[in-house]
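Asks: Construct the entire structure; sequences and hints are all you get.
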Amino acid sequence: MQRGHSARSTGDRHVAVNTRAPFLLVGALAPGMTERGDGVIVLVGSSAARMPAPVGAAYGASKAGVEIPTRYLDHRVRPRGCTGQHRLPGPGPHRGHPGDARRTHRDARPDQRPRARRCPR
Numbered sequence: 034m035q036r037g038h039s040a041r042s043t044g045d046r047h048v049a050v051n052t053r054a055p056f057l058l059v060g061a062l063a064p065g066m067t068e069r070g071d072g073v074i075v076l077v078g079s080s081a082a083r084m085p086a087p088v089g090a091a092y093g094a095s096k097a098g099v100e101i102p103t104r105y106l107d108h109r110v111r112p113r114g115c116t117g118q119h120r121l122p123g124p125g126p127h128r129g130h131p132g133d134a135r136r137t138h139r140d141a142r143p144d145q146r147p148r149a150r151r152c153p154r
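Residue 34 is where the sequence shown starts when you use my numbering, and the numbers rise one by one after that.
No lab work stands behind these hints, which were simulated from the structure alone. Quick reminder that beta carbons are idealized off the backbone N, C-alpha and C, glycines included. Check the hints yourself; a few may be wrong.
Pairwise CB distance ranges, derived in the manner of DEER restraints [to be verified]:
(1) R113 - V48: 26 to 36 Å
(2) F56 - P122: 34 to 44 Å
(3) G70 - S39: 44 to 54 Å
(4) A40 - G65: 34 to 44 Å
(5) A86 - P64: 29 to 39 Å
(6) P87 - P64: 40 to 50 Å
(7) S80 - S42: 16 to 26 Å
(8) R41 - T116: 29 to 39 Å
Replies: Here's what the structure looks like:
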């Protein structure tokens with residue numbers, strides 16, 4: 034947590050960016066798309082919404098707040114020629130994350146390294 038930020042303000046920021054902003058954008062864009070009868074609204078979720086962890090509860094909860102509304106959105110706009118989709122891109126390669134692109138299997142402990150698979154002949 035950054036200096037000067039309380040857990041409450043951090044949670045508020047997560048909800049503002051990850052839940053409220055998409056909700057407001059959809060509300061602004063969907064009417065025009067449904068009038069034209071064409072369009073796809075894609076909202077980005079996170080696996081953090083489905084897999085609780087010891088840290089990151091505010092982030093996970095804010096992303097969970099996108100998934101169910103997207104299902105309702107799809108149900109509402111589909112008869113008008115549009116779709117609403119929710120995507121889970123998975124972990125990204127950023128510093129310190131287990132999916133960090135700079136890490137290789139050589140950096141892992143031997144018991145964490147991927148095992149070689151034999152190709153069937």
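Asks: Evaluate each hint against the coordinates.
Replies: Each hint, compared with the structure:
Remark: the range hint 26 to 36 Å for R113 to V48 is upheld by a beta-carbon distance near 29 Å. Restraint check, F56 to P122: a C-beta distance of roughly 20 Å breaks the suggested window 34 to 44 Å. Distance hint check: the CB atoms of G70 and S39 are about 46 Å apart, consistent with the given range 44 to 54 Å. Distance hint check for A40 and G65: the Cβ-Cβ separation is about 38 Å, which falls inside the suggested range of 34 to 44 Å.
Distance hint check: the CB atoms of A86 and P64 are about 37 Å apart, consistent with the given range 29 to 39 Å. Distance hint for P87 and P64: a CB-CB separation of about 41 Å, consistent with the stated range 40 to 50 Å. Remark: the range hint 16 to 26 Å for S80 to S42 is upheld by a beta-carbon distance near 25 Å. With their beta carbons about 36 Å apart, R41 and T116 fall inside the hinted range of 29 to 39 Å.
In this structure, only the earlier hint numbered 2 is contradicted, and the remaining ones agree with it.
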